[in-house]
Each structure stands twice: as structure tokens, then as C-alpha cells.
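Chemist: Given next are the chains, with one letter for each unit.
Number of protein chains: 2
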Amino acid sequence: VTVSELSERALVHLVQQRLSAPPRWMVVGIGDDAAVIEPERNRLQAITVDAIVDGVHFDRRFTPPDAIGHRALAVNLSDLAAMGAEPRYALISMALPADLLLADFEAIVDGLVRLSSSYHVSTVGGNVTRTPGPLMIDVTAAGVVKRRSVLTRSGARPGDVVFVTGTIGGAAAGLEMLRGGVPEAAPACVERYLRPSARVRAGLLIGRNRAASSCVDLSDGLADGVARIAEASGVGIVLDRTALPIEPSARTWWESRGDAVVDRAISGGDDYELLLTVRPRLLRHLEAVSRHGGVALTRIGVCTPGRSLVLRSPDGAEAPVPAGFTHFR
Amino acid sequence: VTVSELSERALVHLVQQRLSAPPRWMVVGIGDDAAVIEPERNRLQAITVDAIVDGVHFDRRFTPPDAIGHRALAVNLSDLAAMGAEPRYALISMALPADLLLADFEAIVDGLVRLSSSYHVSTVGGNVTRTPGPLMIDVTAAGVVKRRSVLTRSGARPGDVVFVTGTIGGAAAGLEMLRGGVPEAAPACVERYLRPSARVRAGLLIGRNRAASSCVDLSDGLADGVARIAEASGVGIVLDRTALPIEPSARTWWESRGDAVVDRAISGGDDYELLLTVRPRLLRHLEAVSRHGGVALTRIGVCTPGRSLVLRSPDGAEAPVPAGFTHFR
Chain A
2 VTVSELSERA LVHLVQQRLS APPRWMVVGI GDDAAVIEPE RNRLQAITVD AIVDGVHFDR
62 RFTPPDAIGH RALAVNLSDL AAMGAEPRYA LISMALPADL LLADFEAIVD GLVRLSSSYH
122 VSTVGGNVTR TPGPLMIDVT AAGVVKRRSV LTRSGARPGD VVFVTGTIGG AAAGLEMLRG
182 GVPEAAPACV ERYLRPSARV RAGLLIGRNR AASSCVDLSD GLADGVARIA EASGVGIVLD
242 RTALPIEPSA RTWWESRGDA VVDRAISGGD DYELLLTVRP RLLRHLEAVS RHGGVALTRI
302 GVCTPGRSLV LRSPDGAEAP VPAGFTHFR
Chain B
2 VTVSELSERA LVHLVQQRLS APPRWMVVGI GDDAAVIEPE RNRLQAITVD AIVDGVHFDR
62 RFTPPDAIGH RALAVNLSDL AAMGAEPRYA LISMALPADL LLADFEAIVD GLVRLSSSYH
122 VSTVGGNVTR TPGPLMIDVT AAGVVKRRSV LTRSGARPGD VVFVTGTIGG AAAGLEMLRG
182 GVPEAAPACV ERYLRPSARV RAGLLIGRNR AASSCVDLSD GLADGVARIA EASGVGIVLD
242 RTALPIEPSA RTWWESRGDA VVDRAISGGD DYELLLTVRP RLLRHLEAVS RHGGVALTRI
302 GVCTPGRSLV LRSPDGAEAP VPAGFTHFR
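Chain order of the listed sequences is A and B.
Take the first sequence: its position 12, counted from the start at 1, is 13 in the working numbering, and no numbers get skipped.
Take the second sequence: its position 65, counted from the start at 1, is 66 in the working numbering, and no numbers get skipped.
Careful: at least some of the hints might be erroneous.
[Claimed, not checked] Coverage of chain B stretches by chain A, computed from C-beta distances (three or more under 8 Å per stretch; other residues unrestricted): (1) 12-22; (2) 25-39; (3) 182-194; (4) 251-260; (5) 273-279; (6) 313-321.
[Unchecked claim] Going by beta-carbon spacing under 10 Å, a handful of chain B positions derived as facing chain A: (7) Thr49; (8) Thr64; (9) Asn77; (10) Ser79; (11) Ile93; (12) Ala143; (13) Cys216; (14) Val217; (15) Ser220; (16) Ala233; (17) Gly237; (18) Val239; (19) Arg242.
If you're looking for bench data, these hints aren't it; they were derived computationally from the structure.
Note that CB positions come from ideal geometry on N, CA and C, so glycine has one too.
One chain only, chain A, in its complex shape:
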């Protein structure tokens, strides 16, 4: 059975059945012309939209449907985390090819709903349309943040210390393994690509503790994230080549293939870690993040007065940071 055998209304109904009870602040939920929400007092609202398209951001041939749903929401939760916001609700817009199996549609929704439940994110609205093209899921996600906790890209100053959460390179290596048909090479990397974690708790604590002068998420890789902060803040960044927390099984995979490990780890996208800068005198503010953020924090470099992005080796040799990952061309 394919989705083309159901009406739009019946598909929306299948989604609705999977949602948990609406929260009290949801005045009007799915099923009317728009959702109506009561904003939280004394909080700002953070809101973002991101789309994933079959053949561009994932590939149905090797991405299980629940992982498609998971990824569609995770990329947005990661954006909210990078603003220091606590996620609250999402709107899900799906364009479905007529040959999509109904079971796959349901599994996509299950993946999405499972992730949203684990973060207490309510689906307040959405849209389903058919498309003569590829499967596409567009998620709008909103969260709340105190004014003093908002994290932007633009506050870094020369001398600020650069940190990254978790490990990098795992998702890029996992994608290579999926494409090469060897997902068993390092299941942790593959899982990292298929069902990324958004660093929601860490982002919240970074914002609350006013620890960071800037923050960005690594959707397009570390090299891209570094360039974004440098551009928005008007600083340069020197990264310590040996300090980078490269996912161990990704390192092993690239070494076994004779690939340039650091370049791959830095350029690869889809890590969804947070990159942040911290004033030296505020480093102690990171303690609570390290202790309760649910993810490691690694010091990987420093901001500089120039505008150059540099990778420094222990022997003092310097190389430019390779260009980041770009989805469009």
C-alpha cells in the first residue's frame, strides 16, 4: 500500500494518532486553519526551519524511514540548542512521492514523534502534500530562551577560547560506510549519521551559565562552523590540530583507507555538535556544562585578532582550515 491510496486528511489523521496529549499552552492544535499557542511569560521565542530532501541530505536507499524522521527534527533541535533555547514545538511539512509505502510513511512519523517526545516537543501543526519529486520533510521548530541566555554567532573576541562538544567526523565516516555498503565497519559512526543527537541540554546550560561569547552548531562541519563564527564576530581562529576530538572509530576507518584523517573530520558535515567561544576569565562557567550537559567539552583553539582560520600542529607548522561542507552546489 502506498500513500497515494489515502487522502491528505487520512494521512494527517495517522500523524495525529501518534501524538501525545496536547500541552496546556496549546489553545488550538492540529486540525484548524492554524495552531494557537500561549507564549511563555518572560521568555523570548527562538524559531528555525530546515528541510531535508531525498538525494540531497539523505538517501532512501540506505536511510531507514525512522532515521529520516529523526534527522528531520534533529537538525532543527540542533539549531535551537545553538541559540541556548529549550525546544517547545514543531510544525511538520511533508512532500510525499506517490510511491512511498504507507508503512514507510508511518515509520518516518514514528521516528519523528519518538525524538520529539524525548525532548517534550509538541507537534502543533503541519502539512502533507504529494510531490512528483523526491521525499522532502521541512520542519519548523520553536523554543524558548531568556533574553540574557541567547547565544549568537557574533560575540567572539580575540583571546576567547574555542570549545567543541562531543566528537567530530563520526557522521561523515558513517555516511561513507553507508554509501560504500559497509555499515558494519563502525556501527557507531553509522548510527551517528542516521540518528544524530542534538546537544539540547548542553546548549541550554551554555546559555543559562552565560558561559559563551558565541555559539554555532556543526550541521555543515567544524571547518564551516569556525568560518561562521569568525565571519560573524570578526575574529580569526587558530585550531590545535592534536586537540580535535575526532571520533575514534572514524579515525580508524580513515587511517585504514589512507585518508587524511584531520581534513576529513574537519570538513565532514552532519555532526550536530556545538562549537563555542568563551572569555578566558569566564572559563569556570563551563563547569556546570561539563558536569550536567551530557556531553564532553574539548578545548580546541583560540580566537585571534586577524581574520585567518588556521590549523596549528604541535611543531608549530600552520595550514589553512580546509573549506567546509556545502549542501547546495
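Please arrange chain B on chain A, whose structure you already have, making use of the hints.
Modeler: Coordinates of chain B only, in the frame set by chain A:
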């Protein structure tokens, strides 16, 4: 020059250049991981998402690019109007085929920005991705509404009077003319299809004056709208066949072709008028809407205790309301 020759960043920059100055409540705008907004005090937030896909909701062969942008936003403004909400901001997510001309991309954005400016709607965020499939624009739009002014679909009771704004059938006739290659047959109908007006002002006044017991927008036609209110409110509806405000040039067009005028006008989508029900004792609340809503209000029927949807002729003959327009199958 096609969009594939620019980076995602360059395309986003083209959009940004076209936007007017950000409003004071926009704490962080386009260019960070998410937008940050200060919610309006003592107001609820209405939010909706809707997508338009080439080959499904429009056809690039006969829809000028500025009209594509206009329609993408108008469908959402119409949803907000049907909730009684005043539109405030939008997020624009676009999936672009590689062969889209850059000039067409710019014209799409211009159409979108022109309509948003005329309603003081700020674009606070968005996303651009390439797609191997058709052009798709997904707009999330949000507005504000007082709790006592929220309009839903579910408050109609037997005896309530049914009204519709403006005229119906024009967009459906216009689409037929475009498809048939005779847009000169009735330019008003064609314009109605290409660049629909959302009844924002009327929706606001209907909400503020607490005139309506239910309201819905006619994105999928009058027959569909009547069914939505009847279903959500648990009523039947009798429509007065001769009272329907059918667009005169659409009537002429269908008559000249020997088509069933009323059936066409009722079943055709894309009108984006508002359908509402009003308690008989509150009819005077509609005066302000008629006077200042910028659009005519026509009494077209009444809600009944049953659940049937009926079209009544002056001679008393009754026929079931034909099924509405459905986008999916």
C-alpha cells in the same frame, strides 16, 4: 544564469537584500542558527505552515515567478485570517531545481516580499536547498490574536447564519483559462488565481467583533469549507443556491462552455475567501466587518441540526453539496 551557479549562502544573501528593516521585536534575525523574537504581551500566537509544489499547486509553465512567491505566502495569510490573527512574521523554506533561472528566483522572492511588505509581515528566517525534483516553497507564518478573538471551526450551532466573503469560483475559472491557454478570456479570474488576496482585515474584524461562531478559509473551495465547519461543529448546512456570490466573469465563462456553473464555483479551490457562521442575535456584530473589512459579506445559508450538506433551490428542490477539491490524490 541558473541558481546552481550560486552558493546557498549567496542565495540567502539575495533574499536578505530584499527585506525591509527588521522590526524592534526581532532580537536576532536571518543569519544565525535561529531567529529570536520577543512575543507580544497579552496576545496568543497563531502559527501555520503550507507548501506549494510545482506541478501540484501551480505550474511554472503558466504561473509567473512573482505569482509563485505571492501565492506561497498568501495561502498562509489566509489561514491566519481564518483564525482572526494579525500576521507578524514568516519563515521561507525553498527547494530549488538546479535549472531554475536566477532571474526567476529573484522574481519569486520579489513576489513574496511585496506581499509581505503590504501586510507588514517580517521574514525572520528561512532555508534554501537544492532539489532534484520540482520547485517547492514552504512557508511558515505566524500572527497574534487575543484569546477572546480566536476563530475556530468548531463553534457553529444549528440556526447560525452562514456567510462568505467576496466571490467564489474566480480562481478555479482563472486556472482553467491558464491551462487552456486563454488567459485573456477573463483577466480578473486569472489574476484571482495567480495573486489571491488573503482576507486579513476581514478576519481580524470578525475576530475582534466576536461576530462569528466559526470560521474557515476557502483554500479548497466552498464545498470543502462547508464540510470542514459541519464536521468540526457537528452541524448540517443548507446553502441557498441563488445566494452564492459567484464571480460574474467566471459565471460567463462557464455558461459559454455549457458547464454547470454552481457546481464548478462550489467545488473549485484557491478562492481564499472566508466562510463563517454567526448567531442570529449577533448579526449586528457584522456591521463593522461589512463597513471596514475591505470585502463584501454575503449571507448564503444556515446551519441545521442534522449533519447533511444541502444546496437548496428557490423552488425548494434540494441536492447534496458536491464533494470539495482535494489536493492529494
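Chemist: Would you mind marking each hint as holding or not holding in the structure?
Modeler: Right, here's what the structure says about each hint:
1. 12-22: violated (count 1)
2. 25-39: holds (count 10)
3. 182-194: As far as the region 182-194 of chain B goes, the hint is violated, because 0 residues have Cβ atoms under 8 Å from chain A.
4. 251-260: violated (count 0)
5. 273-279: violated (count 0)
6. 313-321: violated (count 0)
7. Thr49: For B:Thr49, the interface hint holds, since the closest Cβ of chain A sits about 4 Å away, which is under 10 Å.
8. Thr64: Violated, because the Cβ-Cβ distance from B:Thr64 to chain A comes to roughly 16 Å (cut-off 10 Å).
9. Asn77: Holds, because the Cβ-Cβ distance from B:Asn77 to chain A comes to roughly 8 Å (cut-off 10 Å).
10. Ser79: 8 Å, holds
11. Ile93: Holds - the Cβ of B:Ile93 comes within 10 Å of chain A, reaching about 8 Å at its closest.
12. Ala143: This interface hint holds because 8 Å falls under the 10 Å limit.
13. Cys216: 8 Å, holds
14. Val217: Holds. Min distance 6 Å.
15. Ser220: 9 Å, holds
16. Ala233: 7 Å, holds
17. Gly237: Interface hint status for B:Gly237: violated (20 Å vs cutoff 10 Å).
18. Val239: 23 Å, violated
19. Arg242: Given a least distance of 26 Å, the restraint on B:Arg242 is violated.
Checked against the numbered hints given earlier, the structure breaks hints 1, 3, 4, 5, 6, 8, 17, 18 and 19 and satisfies all the rest.
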